[in-house]
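Asks: Read top to bottom, the protein sequences are chains A and B.
Sequential numbering from 1 applies to the first sequence in the numbering used here.
Sequential numbering from 1001 applies to the second sequence in the numbering used here.
The set of hints was computed from the structure by calculation and includes no laboratory data.
Treat the hints with care, as some may be off.
[Said to hold, decoys possible] Calculated from the model, a selection of chain B residues having no Cβ within reach of chain A, i.e. all distances over 10 Å:
hint, residue
1, 1026
2, 1046
3, 1386
4, 1439
5, 1491
6, 1511
7, 1512
8, 1523
9, 1557
10, 1708
11, 1760
12, 1807
[As the list claims (entries may be wrong)] Below are the DSSO-like pairs computed for lysine-lysine, each with C-alpha atoms no more than 27 Å apart in a straight line:
hint, chain 1, residue 1, chain 2, residue 2
13, B, 1516, A, 92
14, B, 1055, B, 1769
15, B, 1769, B, 1748
16, A, 79, B, 1514
17, B, 1769, A, 48
18, B, 1557, A, 22
[As the list claims (entries may be wrong)] Chain A regions said to be covered by chain B (calculated; three or more residues, Cβ under 8 Å):
hint, region
19, 18-26
20, 40-53
21, 58-66
The beta carbon of each residue, even a glycine, is placed where N, CA and C say it ideally should be.
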Amino acid sequence: MKTWIEIGSLDDIPVRGARVVKTSRGCIAVFRTAEDEVHALDDACPHKGGPLSEGIVHGGAVTCPLHNRVFDFATGAAKGADSEVVATHSVKIVDGRLMLDITGLAARNVA
Amino acid sequence: MTQNLVVIGAGMASGRALEELFKAAPGAFRVTLFNSEPRGNYNRIMLSPVLSGEKSYEEIVTHDDAWYAEHGVETRFGEPVERIDRARKVVVTAKGETPYDKLVIATGSSPFIIPMPGHDLPGVIAYRDLDDTNKMIEAAASPGAKAVVIGGGLLGLEAAAGLRLRGMDVSVVHLAGHLMERQLDEAAGYLLRKALTERGIKIHCAASSKEIYGQGKVEGLRLEDGTEIPADLIVMAVGIRPNTAVGKAAGLAVGRGIQIDDQCVTSDPDILSVGECVEHNGAVFGLVAPIFDMAKVLAKTLLGEMDAYAPVEVATKLKVTGCDLFSAGDFAEGEGREDIVFRDPGRGVYKRLVLKDDRLLGAVMYGDTADGSWFFGLIKDGTDISEMRETLIFGPAFQGGQPLDPMAAVAALPDEAEICGCNGVSKGGIITAINAGAHDIGAIRGTCKASASCGTCTGLVEQVLGLTLGDDFVVPQAQPVCGCTDLSHEEVRRLIKARELKSQPAVWQELGWKSKDGCHVCRPAINYYLLADWPLEYQDDPQSRFVNERNHANIQKDGTYSVMPRMWGGMTTPEELIAIAEAAKRFNAVVKVTGGQRIDLLGIRKEDLPLIWKDLNDAGMVSGHAYTKGLRTVKTCVGSDWCRFGTQDSTGLGIKLEKRLWGSWTPHKVKLAVSGCPRNCAEATCKDVGVICVDSGYQIGVAGAAGMDVKETERLVDVATEEEAIEWSTAFIQLYRENAKYLDRPYKWVAKVGLDWVKEVLSDEAERKALNDRFDISQSVYQTDPWAALVTEEERKSWSAPLATVNLEAAE
Ligand code: SRM
Ligand SMILES: Cc1cc2nc3c(=O)[nH]c(=O)nc-3n(C[C@H](O)[C@H](O)[C@H](O)COP(=O)(O)OP(=O)(O)OC[C@H]3O[C@@H](n4cnc5c(N)ncnc54)[C@H](O)[C@@H]3O)c2cc1C
Ligand code: SF4
Ligand code: FES
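Extracted from the complex, chain A is given alone in its bound form (with noise of 0.2 Å):
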């Protein structure tokens, strides 16, 4: 089951941009692609805690600010030789309104 929450509007994000949604269990960082997709990732890098939410989005993915990991939207994985895999969360559009699950972070809490 998915927890939904709003946390705001498309319009509230750059086009391969990002913004932060600040939680008691961490950061995440939503991102919006060229094609007005949205996507959420923690926005703490696995390698050493960059905010992901500053890196450059290309593609379906996020470059990291600090040592340009690259990771994949879709899996939270890092593309080529890296191995991190980063925590992603859903999000979806629903009448331009942004929903994002919050179910993952509350298990966070449970563990």
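Position chain B with the ligands relative to chain A; hints supplied.
Replies: Same frame as chain A, but now just chain B with the ligands:
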């Protein structure tokens, strides 16, 4: 006594002949070289890449002033020879007479202009030299301009493709039934036509031109069938005629060309001739390969050595990027001839071999021409191919059943196989050069000349290098920008200018990017190139910038930022220091004095950035751009204001320079310094631009480095006044902005283009002024304080505040 050698025409033929002569016997002749064109020798066959914008004129110059000076050649460029007085052994020009002991006529050929009505209207040109090329480039610059090229042969199609790349609406009118009918059969002609049509070039074959119409200038071309094609420019590329005028007037034996014997001597024993102006055994010439052979013979004859010119087969390639075709030998149909044809329409590949009596007579290839030289070798040598007939069409890689290996084709070539058609260099010749020490492409070009002319064989030469040197040779490639493209930074920069690409999507589409919207490597580079080349038209894209430039602050390893206000020339005031101190306290910053004569506030959270900026702005300070590929600091020393050795106001000049240059984006960061005397307390001799003040004025050094490499500056110029120092420094930086590869500091860029070139450009006062003007235009957009721009309430919110804040405990 040294003899006087006079040469008429500084083209490709005489250029090669002089090289051969100076190599064999430096100083044997005192040479005077006349040329109608107001310039020396350049690689004429590369005019097409210049036209298309893929090369610049500077890149195709084969002999520069230094070369002529080194060999004592007296150059008389822009001075055509009017006649030869053979009785008195002098040549006559508008400026007087020049005596000769030996004379070489190398006047090339003239383009043929069809004398149809209207052929003399302004806007009708031929395609022969740099001036024609520049006229075409100029015509293509006006928006919506249309061109008609008459003639669908090699030259006409190269002109059409180049004009099209420059954005013109181009039609080709060709008399024969298919394009390049002298070199291609109908099938290959069709594929070529299709490829050109796909690029937006309109092709009319079997079309005969009737007249050019227009009032006072070209307005269009009318065909025999009544069709009218509107045009602002008409290029006639219908053929060439040997340029025999001076020889004929002097009474030399002239047929179609100036007649020469096997030693290149004309009917006058003291007059030799070479190149497209000659006729040898009834044949005339239009490609450089046989002309270069002739040039070698001519040099020998001049030195009294025996050699004889012997005609060879020639192969043809079209220099239109993306249209690969090759043709050699005789491919007409005929009695007893057989064809082997291979087609792969999916890949657009067509190959046809014409055989007779187990020998290869001709080859035509389109789309995949890698095996061209191998087939060409079989044709020239008359090799018996009966053994490999079955697999012949698949090329050398397939003979003997080896797997297809890109190196195999070259490995399979015999030593005699010709690799460089233009210069007639065989595989064996290249190997000899390699064994004699030429271990890269530049050295090969310099010694045995392979790949030095049209360059289409460069890949093959590199493979020979690879095979001969083994692992010691890494095939060098103009490094592509990134995985999204095969183009190098330099090529992308040139194409952005030449094709007037003014947005990132235009670059991705027109230059065939392999990714959808680039990547973190190319996007910042392209964003920079576009804003540097089109400051008024292009809009800077923050999403193509590294985090620091997007957030106007340096990100730290813990995700906080550093904030550094400008301190012009390293000067500050008590009021500024108090404001900095208060801001530091309010936002809990760590304070550090930097190596750049200013103060850094470290550990600021992103949401606080607009707030601390506002505090600093309110105290009259602006961003120090300590995070940009742009102007950083101008360090100064106390100078003549205080120091007992100071010769000039170094602090004042530093402040002026910083105020002029701040805010500008550059390929990499730029740092300056001004020292008040040669004791150099501001460390100006290791900066990108460093000024040392002396009694007589200012010494401007450039291209220093003190980061990962350490390098002293090199002297650009000495000037007397502050104004000149600022003008020169700005011009240097603008030249760097317009030409360098992204992430090359000035010292790296200067190492590539040469300080001599930089000096040459900048010593032209008009050019210096133009560079300053273009810099001003860019500054009219970019000299703004990014901090002030972002401190309005609304922007601050959308920029630094979270999109949403979620309390999970409450949500559960
Ligand atoms: C703050 C400062 C060190 C200091 O505490 O003094 C500094 C800090 C950084 N330097 Fe520097 N450099 C600083 C003066 C220098 C100097 C000395 C100078 O400017 O006189 C040099 C050598 C001179 C030169 O540039 O050639 C210098 C050569 C470099 C280099 C090597 C550049 C090169 O071409 O080899 C880098 C790396 C780069 O730019 O790619 C670099 C990069 C950096 C970065 C931006 C690394 C980064 O990308 O995060 C550092 C930011 C630290 C941070 O967390 O904010 N820094 N850096 C100095 C700021 C000067 C200023 O007021 O703007
Ligand atoms: C656009 C273009 C593309 C080409 N592409 C190819 C190719 O891909 N492969 C190939 O093999 N060949 C190619 N060619 C042909 C090649 O350039 C010529 O074969 C070669 O330049 C001939 O050399 P040349 O020295 O005989 O004549 P040129 O190079 O034309 O030199 C003759 C010089 O003599 C000067 N001159 C003429 N009369 C006088 C006078 N009275 N006094 C003083 N100077 C005089 C002229 O101004 C000219 O500079 C191309 C030509 C053009 C124009
Ligand atoms: S030398 Fe420069 S880049 Fe290296 S740690 Fe110090 S500040 Fe950072
Ligand atoms: S922190 Fe992201 S790559 Fe190092």
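Asks: Check each numbered hint against the structure and report the violated ones by number, ascending.
Replies: Violated: hints 8, 9, 12, 17.
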